[in-house]
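Colleague: Residue numbers (this note's numbering), protein chains in the order written: chain A, -1 to 243; chain B, -1 to 243; chain C, -1 to 243; chain D, -1 to 243; chain E, -1 to 243; chain F, -1 to 243.
Keep in mind that the hints were calculated from the coordinates and are not lab data.
No incorrect hints appear here.
Computed list of lysine-lysine pairs in DSS-like fashion (alpha-carbon distance at most 27 Å, straight line): (1) Lys181(A) to Lys6(A); (2) Lys78(E) to Lys80(A); (3) Lys78(E) to Lys80(B); (4) Lys232(A) to Lys6(A); (5) Lys232(D) to Lys210(A); (6) Lys141(F) to Lys154(F); (7) Lys210(F) to Lys210(E); (8) Lys20(D) to Lys108(D); (9) Lys78(B) to Lys78(A); (10) Lys6(A) to Lys210(D); (11) Lys78(F) to Lys20(D); (12) Lys20(B) to Lys6(A).
Nothing here was measured: the structure is a model prediction, and the numbers come from that model.
Given next are the chains, with one letter for each unit.
6 protein chains.
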Amino acid sequence: MRVDGRQKDELRPIHMQTHYIKHAEGSVLIEVGDTKVICTASIDDRVPPFMRGKGKGWITAEYAMLPRATEQRTIRESSKGKVSGRTMEIQRLIGRALRAVVDLDTLGEKTVWIDCDVIQADGGTRTASITGAFVAMVLAFQKLVEIGKLPDVPVKDYLAATSVGMIEDAGVVLDLNYAEDSKAQVDMNIVMTGKGQFVELQGTGEEATFSKEELHQLLETAEFGIQQLIELQKEALGEIAQKIG
Amino acid sequence: MRVDGRQKDELRPIHMQTHYIKHAEGSVLIEVGDTKVICTASIDDRVPPFMRGKGKGWITAEYAMLPRATEQRTIRESSKGKVSGRTMEIQRLIGRALRAVVDLDTLGEKTVWIDCDVIQADGGTRTASITGAFVAMVLAFQKLVEIGKLPDVPVKDYLAATSVGMIEDAGVVLDLNYAEDSKAQVDMNIVMTGKGQFVELQGTGEEATFSKEELHQLLETAEFGIQQLIELQKEALGEIAQKIG
Amino acid sequence: MRVDGRQKDELRPIHMQTHYIKHAEGSVLIEVGDTKVICTASIDDRVPPFMRGKGKGWITAEYAMLPRATEQRTIRESSKGKVSGRTMEIQRLIGRALRAVVDLDTLGEKTVWIDCDVIQADGGTRTASITGAFVAMVLAFQKLVEIGKLPDVPVKDYLAATSVGMIEDAGVVLDLNYAEDSKAQVDMNIVMTGKGQFVELQGTGEEATFSKEELHQLLETAEFGIQQLIELQKEALGEIAQKIG
Amino acid sequence: MRVDGRQKDELRPIHMQTHYIKHAEGSVLIEVGDTKVICTASIDDRVPPFMRGKGKGWITAEYAMLPRATEQRTIRESSKGKVSGRTMEIQRLIGRALRAVVDLDTLGEKTVWIDCDVIQADGGTRTASITGAFVAMVLAFQKLVEIGKLPDVPVKDYLAATSVGMIEDAGVVLDLNYAEDSKAQVDMNIVMTGKGQFVELQGTGEEATFSKEELHQLLETAEFGIQQLIELQKEALGEIAQKIG
Amino acid sequence: MRVDGRQKDELRPIHMQTHYIKHAEGSVLIEVGDTKVICTASIDDRVPPFMRGKGKGWITAEYAMLPRATEQRTIRESSKGKVSGRTMEIQRLIGRALRAVVDLDTLGEKTVWIDCDVIQADGGTRTASITGAFVAMVLAFQKLVEIGKLPDVPVKDYLAATSVGMIEDAGVVLDLNYAEDSKAQVDMNIVMTGKGQFVELQGTGEEATFSKEELHQLLETAEFGIQQLIELQKEALGEIAQKIG
Amino acid sequence: MRVDGRQKDELRPIHMQTHYIKHAEGSVLIEVGDTKVICTASIDDRVPPFMRGKGKGWITAEYAMLPRATEQRTIRESSKGKVSGRTMEIQRLIGRALRAVVDLDTLGEKTVWIDCDVIQADGGTRTASITGAFVAMVLAFQKLVEIGKLPDVPVKDYLAATSVGMIEDAGVVLDLNYAEDSKAQVDMNIVMTGKGQFVELQGTGEEATFSKEELHQLLETAEFGIQQLIELQKEALGEIAQKIG
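This is chain A alone, in the form it adopts within the complex:
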């Protein structure tokens, strides 16, 4: 039995409030249990220098936490004057994941800026960010379609992410909250598409290791959770959901 009463393969309650920030081309407030992330997608009509002249688009992401998103106040990265390794790793992951399902040729020379700002953290902030960022990005694309700047939503498939882990005495569990994450021996973040293809797989033993059989079980559990997350993305997107794939 888990600390919050969930089954081993049960997601936390998920809510997505679309159009949460009025200025952004696309935005969503995603809640995964007590984890709350504001995801916005902004469109810039330029691409970074290394992409210029290729006729292709680019997707880049930034991730941050409010200082009091966490139980103890954390120092702002702007005050420290540098972005931590953890933040950079997450930012790179979000951008890479989204690029895997977008048709960058159709997008053309535009940059999608994804911002994921965690206003309350309780584990799983990076996977919630990816799941929410996908929705914000689709909303931004739809806006471009509406104003005639894109012929169609250039998204090839759905994309969502969750975490699975191994906890002593409990075994494999889905969608770890902070308390679970802190004591997990193996921690795995998985990003999958609507068709069940892998996009990212990051499994880590925390001063521990895992076998092939355990890996198999972790992947099965993750897939089960991601399918549900994609159903919830479809609900949140409403009519636009049909334009994907």
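Here the structure of chain A is known, so what remains is to put chains B, C, D, E and F in place on it, guided by the hints.
Modeller: Below, chains B, C, D, E and F without anything else, positioned relative to chain A:
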């Protein structure tokens, strides 16, 4: 007539949702029209080096905007690696204003960290931050009282802030939104107490100047607005409101 | 009676040595009692990016203290690798104040760089900087007129600044030195024009507040001091003084 | 057929020159094809603040490239004043991987500093770093044993890493060089122990995705390579090899 | 004939105004032609970490230029957020030079902070800084003697610095101004003591080289200048001059 | 007798392994006793902004140490976020020295990037860097000649560097290792050409001074060493050696 249909001396709709962030000792989401700020108050049992051994407390504030709080995406200060002059000026203002109404001797050697994070901006973010931060701080003090770490809420008076300005053809107006702020010739931020005393007064001619008569009118209008803001703070605080002063 | 024998509404001795630095287009060494500031004005034929193509000029200011301007040596901001919030606040104030009296359209697409370097500090460094910077700027404009790069000195009015404050047992005093500033309950910096219009008004209660009556008295005293400062600016500028306004 | 004539499941030639740097407690120059990395292990008798008083050791890693390790000269991170996200990600990976096979309790309150400096790069620098760092670390532990500062080499199992990937027309290949890495659709880094347990698994689709069957094949190929790498580590360690596990 | 009418072995006019900054323990405004440097010496009762517990003192120096010391405004190093290589090189030189003539054992565990701030630059700022800093340091030591914190001025010998150079068509010249320095083929800075011993010798061919004979002539000329500088230091120090050596 | 058995005027064993790094246009691993430096020369077809349009080339150098090049691990400058004064001083020295023997007009608008990375340090790293960098640079020029991008190797003379010093009881010694350098009273780095001309001369008394006679002896000893270093450079360069001068 103003762009959003308000009277010259009319505030925008104000909402304060207390206990917005579960981890913080005190928190509020304040909305002033389309301006939305998450204010949290965190208690640290130490004071900064220059205050050590004096038996007095300290209050310090940090302020930031999400990149997409604004109409055009703004670059994160953590990415730039430094905090702008504007941000520092606002942070210093918030801290200084709150210290004026707190009995720092009663607080004892503790630091109150105020975080004001603007999630949507439409003018008046610094004054909304002060008004919201006061509420978050009182809630944090109340929590300390409840767990026996403070004998009483060490706050001497209410404190709220608003902006007034002078706009061509319209004259003096209260609580400027972004559109008004951009074209104001004179811009003034005023912080006052429940008893009508000034705490901060910052008036600036934007490539313009103002006379003593105009100053008088600006101050009258600001006071009228601040009295209403303090009534709303009392409502938001409920029973705790009586513990102040 | 004040610590240095002055009347409550008496300025410290003021000296301005024009053309102090040979390389600068305009320069002055201003002394306000023991506070000494080197102010220079440099002309750059470009404007910052946000001003380009508007046909208007810009004025920007930088402020710094030598490490041993103060009683205790202060660490250089270049060694710390960042500029403090106080410095940024002062820099923004100086630039904003000067822009209020300059006809930026007549100036055209040029930037005036104001540098205020405090070589000895005894309170009132920011107001001395503004008063001195005004003179340095006018000298630089006059130089541009002489070499045919400007038709006329594009300055609409005089501009000077001073501080007033409230001190326990003494009440309102003019032009505070460091000893007075340290114990003032209310501290106000005022920037005014030759015609008696306000440009900037920054009043702050230091863990204290002030009433409307006190504000009135502070403003009267400041105006009395600023009128004298402007007479001294006219003396320092000599013949050029007539070209203003 | 691969660009350098290798079989799909063939490693590049591997050399490890132990005791390469005289000052370091442990060091190795590892060559994987044209990729050359100097790995050193240094022992510090303190642990970082978050580990103090726990009686446990810590392992941390730093990774860098010489500017001319790459085909085009890359700018030094010291000149840029900040470490890139890629570097941080690799540093975190190396440290985490090594910690999985070290008995941190037996190590006691010491920090092992791993430095991996790529002097020539041709793909697979992070996996070569892990494989080499393991050897350098064991040598440093052995040195501590010899001088009586450790009872035994506190290493539970062997640890090595390699990359596998999917390349159009070629399918799954082992130990990608730079040319292969640049065109790979799926790129996976795997860290395994001598007993065949997973420690880290990082698979990424580069604007592509991969199926469960493909994942299975990638993992099989990686395991085949890692077993060979571990044999080579044993040879390089000579007699010390028996002290592990 | 030189550009300013001097003989080849003639110094520029030198002035030293002692006690220039009231807060500093020792200070001087040194003018070498149009080069003007404010030198202050501050005493700190601690030494840097690497010197603790040795019972010896330390001398450290910082050097900076006001932005408009130069013909074209230079960007502040505090704005750039880092100190240039040239500045660091000069700082290290000043500190090292002064340490050669101070009895650090007699000084005891104190740090002398030397600040050299160039307010107007016309070549030779580093050598003027050393010559001036020596005077400021002696004045600071004298102050410590007067208040009983030092038994005697712990200075073993005089110390001054100048530049010599080789200029096409003119040959070896003494004390180069900026115009001469810009076209010199060989540029040498020499620091010597009152007894004619070398402390520092830095000779550089600027895209040129120099022979042993030329070196000999450069050194002779420098010594001739330094002897005069030391006489001027003695004048500036008045009675204290006798306490040295 | 010296600590490693050398005569006073004896160099340590010198080895130079050319073409050490495959990607660089020119490279060498230079060993001077236990000091080992990887020197590479990279050619960039642009010049820095201050050199543009002059039709001349530029040479710039960067220098760094691996953390474990030293007996105690030193912190990476990339981790500290800034380059030390010592590093900058050495970088400027290397670049300046090489520019003295290169015909920058013949080179044309290209930049030679020299990178000197110390992988093991035992004194004399800066002089070993210059001696090795010269060889790497010549190799890079030869490569440009071979591919037709330069008519000839644009190098006017050989260039090498060594250190000399004065040690108590031993007097003047050549090519100091770290143990000797640490206790030297006078430390001098000398850069000379094949024809025996000086390029750089940096002599420093470490809390000590030196006379003209001692200077003479130091220079003689250095010249004796540099002549041998140049012979070794010729050997390393083989046939290309004839193209210089």
